[in-house]
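Participant: Kindly produce the complete structure, drawing on both the sequences and the hints.
Just so you know, the sequences run in chain order S, E and Y.
Sequential numbering from 1 applies to the first sequence in our numbering.
Sequential numbering from 1 applies to the second sequence in our numbering.
Sequential numbering from 1 applies to the third sequence in our numbering.
Hints should not be assumed to be uniformly reliable.
Said to hold, decoys possible - Restricting the straight-line Cα-Cα distance to at most 25 Å, the calculated cross-link-like pairs of lysine-lysine (DSS-like) are:
| id | chain 1 | residue 1 | chain 2 | residue 2 |
| --- | --- | --- | --- | --- |
| 1 | S | K46 | Y | K52 |
| 2 | E | K227 | S | K423 |
| 3 | S | K171 | S | K32 |
| 4 | E | K227 | S | K422 |
| 5 | S | K56 | Y | K56 |
| 6 | S | K238 | E | K227 |
| 7 | S | K218 | Y | K56 |
Unchecked claim - Computed spacing ranges between beta-carbons, pair by pair:
| id | chain 1 | residue 1 | chain 2 | residue 2 | range |
| --- | --- | --- | --- | --- | --- |
| 8 | Y | V22 | S | K281 | 12 to 22 Å |
| 9 | Y | E251 | E | A181 | 37 to 47 Å |
| 10 | Y | F173 | E | L197 | 24 to 34 Å |
| 11 | E | G42 | Y | L13 | 49 to 59 Å |
Note that these hints are calculated values from the structure, not bench results.
Please read all numbers here as calculations on a predicted model, not as lab measurements.
Heads up, the beta-carbon is just placed ideally off N, CA and C, and yes, glycines get one too.
The lines below spell out each chain.
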Amino acid sequence: MNRRRFLKVTGGTLALGVGAPAVSRAQSMELKIGYMPHPIHENSIKWMKVWAAEHKVTLTLVPTSYEVYVEKMTANLTSRGGQYDVIWHNDDWGQLWGRYLEPVDDVAAIKKMNRFLYEPPFVWEGKDTGVAFVETIGTFFYRTDLLKESEFPKTWDDFVKTSQRLQKDGKVKWGFAGGMKYPHGWFTFFWSIWANGGDLMMPLHERRNEELAKAGWKAAIDSPEAVQAVEFWWDNIKTHKIAPPGQPGYSRDDANAIFMAGDSAITMADTTLYGKFNDPKQSKVAGKISVASFPMGPRAKFKSIAWRDAWAWAIPIHVDPARKRAAKDLLNWINLNKEAQVDLWKATGGFPPNEDVQKELIKTDAVFRKFRAATVESEKIIHGAYYFARWPEFFATGIDHLVQAVTGPRDGIKATLAEGSKKMSEIAARA
Amino acid sequence: MLALILPALAILIAFQIVPILIGANASFRRWSLFDPQKTFVGLENYARILGDPIFYRIVLPNTFLFMFASVTAGLLAGLGLALLLNRRFHGERIARTAVLLPLMVPPVVAAIMVTWMFNDQFGVVNAVLAVLGIEPVPWLVSRWTSLGIVILTDVWLWTPWFTILILAALQTLPPEPHEAARIDGAGAWQLFRNITLPLLRPVLMVCITIRLIDAFRVFDIVWTITKGGPARSTEVFSIYAYKQAFVYLNFDLGSAASLIGAGIIMVVGGVLYKALSYAVEVSR
Amino acid sequence: MFFGLTITAATLLLVFPVAWMVLTALRPASGVFYVHRGTEFTLANFAEALAKPEMKEAFFNSAFIATFATIFSLAVTITSGYMLSRFQSRASRLWFGLIYLFRCIPYISWVIPLYLLTQWLGILDTYLGLLLPHIAIHICFFSWIMKGFFDGISPEAEYAAYIDGCSRWGAFFRIALPMATPGIVALGILSWLSTWNEFLFALILTGSRTSMLTVRMAQFVHETGIEWHLMSATAVMAIGPALIVTLFAQEYVVKGLKV
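Facilitator: Printed below as a string of structure tokens:
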């Protein structure tokens, strides 16, 4: 191939690359939806499409993988990229994006939702910054063929004894298996700290940043409640042997796989896993599961406790007014439409945020009743995360020290957690 | 001569140098991805990272251990395989293609596969051990077994890379020196050591240098298998920088960490470059 | 005998994880974790994965990008490598140093600026926006290796051609290039495969219009878990095109194979 022909081929193909793919300008209004490919989002989008068809709006779907969602979305928001009109807004990132999001107080559907979901994650400078589209709640799942509803352990002692009994009788290999590895600390460490009267920072259960700052950003994983919780896990793995030795290395996938294969009697996961656990195509324990509330620890300050958070759709502040209006109409509609709300629950196991619909479901759907009883009807409801800028680094450091403590010697737990607490406070206090 | 460099240089500048300079700029400022104040703070970010005990006591040693273990094992395996494949035999096409299979799987998918294979409950590795009567091992709970698994995965992924390049190099070698030596009665090992190896040196040195630099920057497989855990004990350099930039959203610290790492590998690589030049001289 | 055994053992070791993945993909969704416990086989995972949005486009796009990135990179770097090897000038040493320098800096520190730059140039989420960065990466990597190959080819045949009145270009095309064919083909294979499997650029620089296979595979990773039955099925299907390219090209690596 001589030089001239080479250049021709190069030039030709480069031109092809520049030209393709052709972008057609939408004639009707277009709304670009940035989301994570996930059954819940896809359910919400399914209903968005219904609205869009009725209102002659074109929806352009832009899925983004969870691993880079925050970075990509943040880069887009801070650079006024204009790639999205509606984006998924997780409660975890509440304060990261506040200033870049359009206030949505004028979306009427929000008034139908429980205010707890919004304060403080989706509030920035007094205005709401997102419209919730599902409640995310963690719950215990257990095998109904191994335990009757009344037999599900209510205390940590029960938890150990029940597990040991089931294992001894050869009914199941492990009493419990849950996610422990970063970032899945909720399914072991965090639920147990909360169920034992502890928290990640003091004052207890406080999530408002001003109050946390006043208290000096005091991390609390070295409190007696938290230390006891970690000792609980150390014993579960090494002394009582009711949890697999590999658990400190388990992501939620590992733990879910063990539960779905029938090798563990109890696990802890989001309510939305119900669909998967109960799907005979994916799970060998389909049809044999139910939900229950947290077994409470010896230092528990309440009879029962649960966390209650939400995922929201948000609108970047730089979107043009016409599209903002359309987006708000859309978000309002999917949350007021009863069919959409019920479908969300039935299809995904996520609680529909519209409380009127929830009241109806309580009357008509026995499974929903059980889910509500196990979770949001607990005596104490808390947020499962904090909403200050350094939260990601804060909780990562926390989990690191928790894992270190549980994989080290038992008498080193207190010291490791004290070191962790100190680091976490420094991180949270950094401006 | 300029015509040869120019197009490549232009692409390089636009798509690597400019972004790198932006990143470098960030490393001298206070720059969080969500609140880009951009106040100039000089070398504060660098001091913070160099002074972080996790960085110099865990991250750097892990990274160097990984580098040298993975590249040595990959090189030896690749060299051995290439020598074995450098002849006609039945099923040679299948063998040569099969040996390249690890390159056809995205590293992340391979890493996920490995994670499940080494799960202590449902992994095939422990299942095989059980058949052999050995207790199941919780592979991903401790630092050294986790690092071992990560290194093993890397060797698996990169041995074919070494193999095919060395095989091609073996094919490119002039046959005369070999023939002459064989006529003189040299044995297989002598042939290899005194003729083949010196002639292979330019390609070997390039391969080793590239792999060492890439191994220093390993990210995907470590992130997938351990995420740097348990408790940051298998954290390597790229994970450290990534966590700063993309998990904690400290773009400033992340950039500084990347540049520190680049500095380190440049020094290490500089030494290797000298060795490479020497090796090329010798082979001429 | 020893040869046969070693070759078989080595091949099996390298193939085993892939074979295990194929087995996993053939299991029903409920059996993708305790793979060795299962006994059922099904093709449902493949069908379900292929039905996912943009999956078929992704196969095409990834193949397109891999092929053209390979062609262009080879074109540029064969000449760069030759120059680096034959001309020990200051320019070539500077070029060499520059390539080396920027290879040292990890992707993550410049991937967001690259995203912003591509957006600013208006080529975000286009074929060009993906081709150019890939070519830039390959240039760094291939020039070195090509240099290594050319270093191993004695320049005597080229000198002989000069004496006979051949131009520099002519000597390059007619003498050095053919001798370096195994190396070029090997690099071509590696380039194609690495672009086919590349994740980071595909992730950051594409959106809805240029789906890439690795990104489509990543969609099976959710916050609440990995749809491993679909991911493994997709990965197994992705081996297909890669296998075809490799089977075809590896012949040329050993084209001049002598007994």
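Participant: Confirm or reject each hint.
Facilitator: Against the structure, the hints:
no.	hint	in the structure
1	S:K46 <-> Y:K52	holds (15 Å)
2	E:K227 <-> S:K423	holds (20 Å)
3	S:K171 <-> S:K32	violated (51 Å)
4	E:K227 <-> S:K422	holds (23 Å)
5	S:K56 <-> Y:K56	violated (28 Å)
6	S:K238 <-> E:K227	holds (24 Å)
7	S:K218 <-> Y:K56	violated (52 Å)
8	Y:V22 <-> S:K281: 12 to 22 Å	holds (20 Å)
9	Y:E251 <-> E:A181: 37 to 47 Å	violated (29 Å)
10	Y:F173 <-> E:L197: 24 to 34 Å	holds (31 Å)
11	E:G42 <-> Y:L13: 49 to 59 Å	holds (51 Å)
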